[in-house]
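4 protein chains.
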Amino acid sequence: MKAAIVGATGYSGLELIRLLTNHPYITIHSVVSNSYDGKNGEEVYPHLSGVELPRLAPMDKDGLADGTDVVFFATPSGVSKEYIPELIEKGIKCIDLSGDFRLKSPSLYKEWYKYTPASQKYLSQSVYGLSEINKEKIADAKLIANPGCYPTAAILGILPVLKQRWIDETSIIIDGKSGVSGAGRGLSLGTHFAETNENVKAYKLGKHQHIPEIEQVLSNAANQSITLTFSTHLVPMTRGILCTIYAKLSEKVTSENVVSLYKEFYRNSPFVRIRENGTYPSTKEVYGSNFCDIGFAVDERTNQLIIVSVIDNVMKGAAGQAVQNANIMMGWKETTGLELSPLYP
Amino acid sequence: MKAAIVGATGYSGLELIRLLTNHPYITIHSVVSNSYDGKNGEEVYPHLSGVELPRLAPMDKDGLADGTDVVFFATPSGVSKEYIPELIEKGIKCIDLSGDFRLKSPSLYKEWYKYTPASQKYLSQSVYGLSEINKEKIADAKLIANPGCYPTAAILGILPVLKQRWIDETSIIIDGKSGVSGAGRGLSLGTHFAETNENVKAYKLGKHQHIPEIEQVLSNAANQSITLTFSTHLVPMTRGILCTIYAKLSEKVTSENVVSLYKEFYRNSPFVRIRENGTYPSTKEVYGSNFCDIGFAVDERTNQLIIVSVIDNVMKGAAGQAVQNANIMMGWKETTGLELSPLYP
Amino acid sequence: MKAAIVGATGYSGLELIRLLTNHPYITIHSVVSNSYDGKNGEEVYPHLSGVELPRLAPMDKDGLADGTDVVFFATPSGVSKEYIPELIEKGIKCIDLSGDFRLKSPSLYKEWYKYTPASQKYLSQSVYGLSEINKEKIADAKLIANPGCYPTAAILGILPVLKQRWIDETSIIIDGKSGVSGAGRGLSLGTHFAETNENVKAYKLGKHQHIPEIEQVLSNAANQSITLTFSTHLVPMTRGILCTIYAKLSEKVTSENVVSLYKEFYRNSPFVRIRENGTYPSTKEVYGSNFCDIGFAVDERTNQLIIVSVIDNVMKGAAGQAVQNANIMMGWKETTGLELSPLYP
Amino acid sequence: MKAAIVGATGYSGLELIRLLTNHPYITIHSVVSNSYDGKNGEEVYPHLSGVELPRLAPMDKDGLADGTDVVFFATPSGVSKEYIPELIEKGIKCIDLSGDFRLKSPSLYKEWYKYTPASQKYLSQSVYGLSEINKEKIADAKLIANPGCYPTAAILGILPVLKQRWIDETSIIIDGKSGVSGAGRGLSLGTHFAETNENVKAYKLGKHQHIPEIEQVLSNAANQSITLTFSTHLVPMTRGILCTIYAKLSEKVTSENVVSLYKEFYRNSPFVRIRENGTYPSTKEVYGSNFCDIGFAVDERTNQLIIVSVIDNVMKGAAGQAVQNANIMMGWKETTGLELSPLYP
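Residue numbers (our numbering), protein chains in the order written: chain U, 1 to 345; chain D, 346 to 690; chain R, 691 to 1035; chain C, 1036 to 1380.
Hints listed in this document are in silico derivations from the structure and should not be mistaken for laboratory results. We treat Cβ as the ideally placed atom computed from N, Cα and C, and that holds for glycine. Any given hint might turn out to be false.
Straight line, CA to CA, 20 Å or less: simulated DMTMM-like cross-link-like pairs of lysine to aspartate or glutamate [stated by the list, open to error]:
1. U/Lys207 <-> D/Glu645
2. R/Lys794 <-> R/Asp830
3. C/Lys1145 <-> R/Glu990
4. U/Lys263 <-> R/Glu733
5. C/Lys1170 <-> C/Glu1299
6. R/Lys897 <-> C/Glu1291
7. D/Lys549 <-> U/Glu256
8. C/Lys1149 <-> C/Glu1124
9. U/Lys39 <-> R/Glu966
Here chain U is said to cover these stretches of chain R; the calculated rule only asks that three of the stretch's residues, wherever they fall, bring their Cβ under 8 Å from a Cβ of chain U [to be verified]:
10. 739-752
11. 987-996
Not the full set, but computed from the structure, chain U residues with beta-carbon under 7 Å of chain D [what the hints assert, rightly or not]:
12. Glu198
13. Asn199
14. Ala297
15. Ile306
Excised from the complex, chain U in its bound form (with noise of 0.2 Å):
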């Protein structure tokens, strides 16, 4: 199977080849970037000396569509649209690891993310591409929706629970804290070194465009309408994301219920794990790798259940996850080229 990938310099871009380069059923067709045009990639990355990799190409539609199976954009918000239809059109499958194909609603998409939404048609046929959850709509898509990284570490985390009706589902509030990787390869002072390194700091409280995206999942999923409370925090590291969950209990369950659930609930997806015995994940035990870790802990005092779920971003929130669902729509097995372990320390 032939890929290829769009915003191949941006760090989800580069994590696709990471993946790709490795994976025994799909090779590497273009790699395309406006950015680096005409170099090959030992240039622009030197730690990829050695590999084997297509002349970076600047966006051409027709050359895109040539001999090509699948395209992987992983591209700001706002880019994929514009070419996402002529290539289904043309019978080739589209993953988007952008925002673009999120939301079912054209003015949510206006809304939280300032563009002109992609058509509706489209945003219809796209699958949300959580592969935990959506396995077989996956199976049979075209277009696959792949999930933001906040959205997957929480909706893994807040999904069992709420579709057993446990929790009072106008509770929920995430603390979503990540590693900078998460901002992006552009530059801002936001991300500069000096001013990130030992510190933390909130963004977007309230604001973040993962919202709606949550919020839809879940909604689906519990029958229900749920609004919800997300808040975002910058780390001083540069992978990870650790969302730390609240919710209130409705129902008196303990700690040891809930991991039963889980477990039950994941018992078919081999990269969600569950923690016992009280403990909880930290982002270095999923580092590199493609797994989403969930522990979880009852606050017997005030009812709450916290749920602490774990990934790394560039992987399990991004590149590995889009890898995961060309896995699911190949029918192949899901693990197929991402039995990583996680790098410690």
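Could you slot chains D, R and C onto chain U? The hints should help.
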């Protein structure tokens, strides 16, 4: 005024030395460290090379009292309560940076700290040294229970709006993020560089010994029993605490209203700085200083108030506040010896 | 092929587990750890959750030999020499990641390591496992002395130009910079996060036990006795070693000449990558991989050759090279199980 | 005394503000920043919230002179030389933190900086502001060329032993390691957090513009032309420079001899601290302070002297030394406003 520092080789003790060597009215009379008995400071702390300090001595009850006006205890839990009663009886002022005298209830102390509590007599005498809240009592105190690092950031962040009764007092959730120096200088795998770097981890969810301390202060202030959810996280940096505080608004107020309330509440508090315009403070903005910076967001979709409160845990969260309390006790200007701008970057 | 790992809970042991669980021809037969006796890996290393591993067992000489084809020793200095002779006699191959069998001279070992050396018989049998230099001997070896982390980067960096006699062999200075994982998993104030973060420090200047190892290999290669200056520094990161190597040029050569020489020298070495065009590698460019990347500058003003050589100390500097050596010993393709791209960013 | 700061929003400018707001004899009269014209400091630097500062103004030659006694230029190369001659003629003292007036030879400036040099007249007038070396000339100067960060650490580290003629002056190699703030506040991929964190990289080997500066000062001191090898590395921390300096001993001296020589040489230099007993300083031991700490090793095997010299690049390497020079120019105590202990940890 002559000061003794007990526990002079831990991080709080060390910061006390940094502050007191530049304090115009306090001289360091003796420094006590069982771990480094008999060494001079320069050997133990090369960064203090050139600073004249008394030789490190082991604990000696009588020697400690001799010629000393005030004793700072920068010791682990369970130590200061063995020495403070006798010192108090000798008329020596004590400022205890540990948790031994913070909780008025001996049984709560036993439950959360697992040590035998101090006697009720001295617990009752002790004044909780959150300088901004308790200034008058501190001025008359003989024994100061210097607040914990998390409680300082949390209480300063939530108290004004709680007292104003603008929030549902049953809805408070505090998500704390701390630099690693907060775990002290004792060695453990959890603070080993290679395990901690590039890692965020949750710990003691709902079980941190700072919970009853925060609840005691808020309950007193609100004249009703407050129970809250408190979780703590270790982030890969040395100094700094950021608390993200969530509370359901019970009144229709805007972010601007909250800013005004806090500006008024802290108008005589030189170390509390209120952020305007929907901006939030980051820990680097108070690095090395005694400030507590606070910012706000009102999430109108969920009617949540989100408060971000930051301190340097070694300064306002420990040694800086201890010196601030010493200043207040002595009737000096509160900021004496503490006019240090944050180190940026 | 069945492998045992002794010292399975240190960083090198752990990396061996990461590599061997993905190795197509090796299975992990037993894992030995005196520190965590009787626990399963998941408890000790939550990041390995889901990986099936033998239960951690304490050292047991007979059990170790039982059914085992090869034993990896990832132990501190002074341990492996107690066990290896007996294993060798039983026909079990040994790969020793410690320094016990690297120095051919027992007296040098005693001088630099301060332990009783292994017997001359086994020292003589041991083959120095710098895969790129000693491939033929490694193929026939029963006992591999796996190189130290600094020596791997340093020797690969300087050897070709030394053998070519383009430098004054009395002028070599190696300035090493290492991430903190190189200091191992043992606790010390020197690797305590708050002391190590935001800090660069020099240590063991001219006194590091890797000095005689480097000199022994270079002396053999150059057929003359080499004495050099070697200094080491700890930098605030987890993984990676960068050696800056200085040598006076004795011939009139350009940077391009040096690049050509190295490309030719390492033409059959898949893990050595030579940088061109006056660029130098950084440690992140080999992070998590088995590569050694080397770049050059010729300072024409001073006639100095400056060589920059980087490795991941846990991989090519320890576990990765050990697996590379196992592959060579077994006649497998050298890169088997090691085709991991660096993790970037 | 009224000071203007030009380039007040870069890191050196910012540190000048931190120092001058606490200086007893200097007040900040105006702050110039083209980038943040018209904003007040609080908006640009929230960490300075509460500090009263003049509003940021764009460069205005006449306004700058008006009512000002001294102007600090914390500007990039090529800027200050356009303004300083006119200010000097008006009798205003200038302290230039950029490289524009450091090299006495216009052609050397052109070669290494690639800008048109300042006129010889003002280059000749300028006094190189390495406070410990040039105190008398600084006291009489109108124009100070404040030293570069690397040269400060390097020259203070090597000068005494060079003047004493204990080393072979052709053998000097300086291996510099710097925190990322040294690269300034301008955005680049090389200082982007995700690229810089967990990474050590070499840059400008043998080509750094600080090379002629170091050579000029050492040549003058030694009364002979000194050419040396200098390489620079970026390490993942914010502040701090450590220079490891190698020189062949030409005399039979011990480490103790060297310590004695340096103690004597710097006996009147309050900011230079000499380490004894074979210990070396680390950058954290001078963090946030104006100290330069120096330690030594003599490698008897190779007859090499190894000197370790550390500074905080933003303090002694820039703003701190500028204030020290201002103190000397004004006849005040050298340490005025600079009595800041290092921040540890």
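The hints, checked one at a time:
1. With a C-alpha separation of about 10 Å, the suggested pairing of U/Lys207 with D/Glu645 holds against the 20 Å cut-off.
2. In summary, the hint linking R/Lys794 to R/Asp830 is supported, as the alpha carbons are separated by about 18 Å, within the 20 Å threshold.
3. Restraint check: the Cα-Cα separation between C/Lys1145 and R/Glu990 comes to about 19 Å, which is no more than 20 Å; the hinted pair holds.
4. With a C-alpha separation of about 17 Å, the suggested pair U/Lys263 and R/Glu733 falls inside the 20 Å cut-off, and the hint holds.
5. Proposed proximity of C/Lys1170 and C/Glu1299 is supported: the alpha carbons are some 16 Å apart, at most 20 Å.
6. Restraint check for R/Lys897 and C/Glu1291: the C-alpha separation of about 17 Å stays at or below 20 Å, so the hint holds.
7. Straight-line distance between C-alpha atoms of D/Lys549 and U/Glu256 comes to about 17 Å, which keeps the hinted pair within the 20 Å bound.
8. Proposed proximity of C/Lys1149 and C/Glu1124 is contradicted: the alpha carbons are some 27 Å apart, above 20 Å.
9. In summary, the hint linking U/Lys39 to R/Glu966 is supported, as the alpha carbons are separated by about 15 Å, within the 20 Å threshold.
10. Only residues whose beta carbon comes within less than 8 Å of a beta carbon in chain U count, and the region 739-752 of chain R has 3; three or more means the coverage holds.
11. Judged by the Cβ-Cβ criterion of 8 Å, the region 987-996 of chain R is not covered by chain U as claimed, because only 0 of its residues qualify and three are needed.
12. At its closest, the beta carbon of U/Glu198 sits 5 Å from a beta carbon of chain D; the interface hint therefore holds under the 7 Å criterion.
13. The restraint placing U/Asn199 at the interface with chain D holds, with a minimum CB-CB distance near 4 Å, inside the 7 Å limit.
14. Because the beta carbon of U/Ala297 sits about 4 Å from the nearest beta carbon in chain D, less than 7 Å, this interface hint is met.
15. Here the hint on U/Ile306 is kept, as its CB sits about 5 Å from the closest CB of chain D, short of 7 Å.
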